[in-house]
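Just so you know, the protein sequences line up as chains W and B, in that order. Be aware that the first sequence starts at 1, since it is given in our numbering, and climbs by one per residue. Be aware that the second sequence starts at 1, since it is given in our numbering, and climbs by one per residue.
If you are wondering where the hints come from, they were derived from the structure by calculation, not from laboratory data. Cβ coordinates follow ideal geometry from the N, Cα and C atoms, glycine included. Accuracy of the hints is not assured; some may be wrong.
Stated by the list, open to error - The calculated lysine-lysine pairs, modelled on DSS-like cross-linking and capped at a C-alpha distance of 25 Å, are:
1) 752(W) with 784(W)
2) 752(W) with 583(W)
3) 250(B) with 236(B)
4) 236(B) with 194(B)
5) 194(B) with 250(B)
6) 50(W) with 250(B)
7) 370(W) with 103(B)
8) 583(W) with 484(W)
9) 194(B) with 50(W)
Said to hold, decoys possible - Chain B stretches covered by chain W per the calculated footprint, using a threshold of three residues with CB under 8 Å from any CB of chain W:
10) 219-227
11) 235-244
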Amino acid sequence: MTVLAGIGFTAPWVLLGLLTLPILWLILRAVPPAPIRRLFPAVTLLLGLKDDESVSDRTPWWLLLLRMLAAAAIIIGLAGPVLNPSRDETGSGPLLLVLDASWAGATRWSSTLDQIDSQLTEAGRAGRPVSILRLTEPEPPVFQAAEAWRSRLPGLTPMPWQPTEAQIDLILETLEQAAGGFDTHWFSDRLDYDGHDQLVTALQGRGDVTVYQSSSPATAILPATYQDGAIQLSVLRANPGPAETVTILAQGRDPAGAMRVLQSTDLEFESGSTQLQIDLALPSELRARITRFELQGQRSAGAVTLTDDSLRRREVALIAGTLNREGLELLSPLHYLTQVLVPTADFVDGGLAEVLPANPDVIVLADVAKLSEVEQAEVVEWVEQGGLLLRFAGPRMAASDLGRDAEDVLLPVRLRSGGRSVGGAMSWGEAKGLAPFSESSPFYGLMIPEDVTVATQVMAQPDPNLADRVIASLSDGTPLVTRKPLGLGQVVLFHVTADAEWSTLPLSGLFVEMLDRLAVASAAKSRQEAQMQGTVWEPVQILDGFGTLIDAGTLAGVDGVELVSGQIGPNLRPGLYESGKQKLARNVLSDDSVLSPAVWPADVPIRGQEISTETPLEGLLLALALLLLTVDVIASLALSGRLGKVQPIAFMLVALLIAPDARAQTPDDTEFALNATHELVLAHVLTGNAQVDDIALAGLRGLVQTLHFRTSVEPADPIGVDLERDELAFFPLLYWPITPDQPQPSAEAYAKLNAYLRSGGMILFDTRDADIAGFGASSPNGRKLQQLAAPLNIPSLEPVPRDHVLTRAFYLLQDFPGRYSGTEVWVEAAPPDAEQIEGMPFRNLNDNVTPVVIGGNDWAGAWAVDRNGQSLLPVGRGYAGERQRELANRFGVNLVMHVLTGNYKSDQVHVPALLDRLGQ
Amino acid sequence: MNAAQTLRERSEAEASRLPPLLARAEQLAGTVLLGDHGRRRSGLGDDFWQYRPAQIGDSRRMIDHRRSARGDQQFVREREWQIAQSIMLWVDQGASMRFASGKDLPTKADRARLLGLSTAILLVRGGERVGLTGTTLPPRRGNAQIIRLAQAWSEDTQTDYAPPEHRAMIPHARAVFISDFLGPLDEVELALTKAADRGVRGVLLQVLDPSEESFPYSGRTIFESVGGTARHETLKAANLRDRYLDRLAKRKDALTQLCRATGWQMGLHHTGDSAQSALLWLYRALDGSAQ
């Protein structure tokens, strides 16, 4: 690119064309303006008169100057001037653009794309083949023309992870295979990652490496943890820069269900520090609603942390059979449960009758044998709505008749009387250990400590469905924990006590983990690998690089251990995962993540990402030339005295230049409302097809005239309505002609239409094709009608029955022809229970005006008249045709009467008069 | 499409043009009050002239009994002698007349016909006989003649600068020539001298477009006559203005001289002016000459 006076030219040789301007001047000056032919009867008096001068009438100098300027503008414009040309020393040969494309660069992604775009433009100008390599989504580099890449540019998005080791390895491998040398422009996100240095070395081996990175470093937020009654949040930044304020937004659903910012907190990075921590103490109600924390002003996956069950504390009601042994706390059946649950759950105190209205998540019944019938019914209802009822056995349960003969609704299995005792002082057998959990058990994967033994338990009756309900059993196969679903909730029974009397289970860590798996206790601390052993988690929603949650689609499930400890990458995407009833959020950063800035070798030049955008002036200059030529046209016409004739055109041109949007001058809504309401006004829907719209308007005009002549309904001139823009509530009747190419109304327009139909409006759909098609989707218009009407709230339809009020609202009609007399006309179906009463000619039909009338007879065509009242379109042939037009007019009158008077004529009061007229 | 059909279509188109011309002409004529055309002597006529005593030879039914009953003498009521004058009209139908320099101006032909027909209406109302010069439409009275005149004038001729028709002039009749008189002057001269020979006197009304008076043109221009028979190209139209105006003045002068020599009256009308003033002038000129 050649740069002259700060303006670069892509094709500087074209500027030589400027040399031709003086020649052009001479030529234009020599050629006189074209003569005008004028009629002039007195030419006889002119004959024989000679011109004084032999020289021609010259073009005035200012017109010449105008033309010269236009020519110069064209020449300079074609030379491709560029304001602010980038003056990078352009290299040659292939160019590789390397993008980190990680979450850290997502906030500035658009400016990165702009810069890539300008680099591509430049490379295209220099004819360099280009390849783009995203480190987070590597593909073998393919060197292509820059233009090909430019079209793919909008498809490049950052990924919500850093380049993984596997990806770097893959890249290094492909780079080795790639032939030839190339220069590299590396758009860095300023974060370091494993393999960064090898990559730099490898790329330096092929050519020059230039790094582009922005001045603002990445900021990220660590996963939220809950500790000591407060949410702990940490914000990291890569570079220990100057003091900086960041704002953390806690987002969640408000009681109405809309996402909104529930809490916003400002934090101040001290100068030189890279980490910041804050404790957020929020009411538990609010805390439970938070779905994500994010940094304000950042648009990256790293600045977002999703929350899961861990912030939510479950409400648990603990109810024991008797609590009369005061002072013996360690012997309380609830002691161990309380110890397990205190860190993670809130307790609801009280008896069963008191806690049920509080709707706790879990109710624990420890050795409670029998519930009163009222209580039982209430508990069943609560479980069926999603509650978890956790029951523990005990001496009372073993002694009762609970679930003995038939299965109790609040027990998973039938119980045998008495239970059994093994390994006690008075028995022969050893205390039993636990059998490994089966794969279908929610406890699958948990480690079973050796020292967990069960001495006493209640026994389940061997029923056919017993095997399905056992989720943990002893080594001899007897059930230890059974479960059954009940409604949306479930009932779980531990066949041992909740204290250490019958077994050592409550003393072990396994007890805690089991309760965790049952979602009784939710893990406040981050989950340990051991807890996740053997679980599979299904992604529900995942984060993209910009921190937006998107639907997970068909992504495969992830192993629990991998989910907790794996590295975020293409195979483990950050987002929300679900397993059973538990939810787990995997964020981009984990608790121990550190952001370390990228370090570059000393010989790699680093440039900022701030670019001065090139402004091509070509279009501007060519537009200027066009404008000058337009002025030249007008001036030439004015000079030769022909402007008078073309004045309207010139004004139109000027008007077009000044006001390209004529719609901006449409009258405002008030005027429309006044026009539509000062009198009764019929309306038709504007289809965008001028011919159809004109006929529709003329048709309604004809109908209005007919109404004027024959009835006391005297509407004003009809108008066309734009569904998108105009209010519909003013019109009793909308005529909607269907054309196959009319646009589908927007969702708002459909909302308006549905409101219109609900409030008693009527739409007359007219497919206008009864001459060629039957009713239904057999014609383009019919199909379009189905498309258009699908989002409308239309009741079930039927062909007009013979006793419909439309047949006698004003005239007595049997059929409803328009220009065509073809298909049936469909209206809202009569209620199924409408029956004809003996002796009455009509059924007592629905009380409403039918919201739609659908047909294809082109009524507007039959009604249409011009301003003088002459029919516009022919109907049929001869007298029969005129008769058909008359019937069409009568249908129109009946329709308007039906709209305006409803079922007035359906009123049985009129039956005698109608009978009289019918001659019955 | 056969000839008769096209003729009929054209006639209908022409006929549709007639009523407005007639209506406008009637309206214009209505603005002028009729003067008297009496011979100032007793004779046949409608208007009262005098009572004279009955003489021998007067038939009894000529006696005016109302006047006679006042006295013993018997009177006869005499009426003024009114004689119908023959007026011959010539309106230039040439192509050069179909010219108007602006959209809001009527063509010269239009104005000339309007003035001609209005004059004819006035004259017919005054009881004169009106016709065309030449043999096509000899002078007659009555409203039907107006229709015939209008019909005759609704046909255009294609040639430029039609010469005045001077055949079959009725001696001692009156004549009205309406044209722009931009054609060959000798034809006009011939017609006027021939008319003077037969004792026909009359009025010459020159109808010009305002642009023909002002010549508001400039730049390189090709001037063409409406019929396309004459053309003149100039590179600087503005330079021609003075010489053109000079020639126009000379033409007017020549016409005036011609009129003076033959006892005619010369009038000038511009299509930009009101037609009524021209009609008034025409009427007065005819009236005066008729005295």
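Exercise for the section: State the violated hints by number, sorted upward, taking the hints as numbered earlier in the document. Expected result: As far as the earlier hints go, 2, 4, 7 and 9 are violated by this structure, in ascending order.
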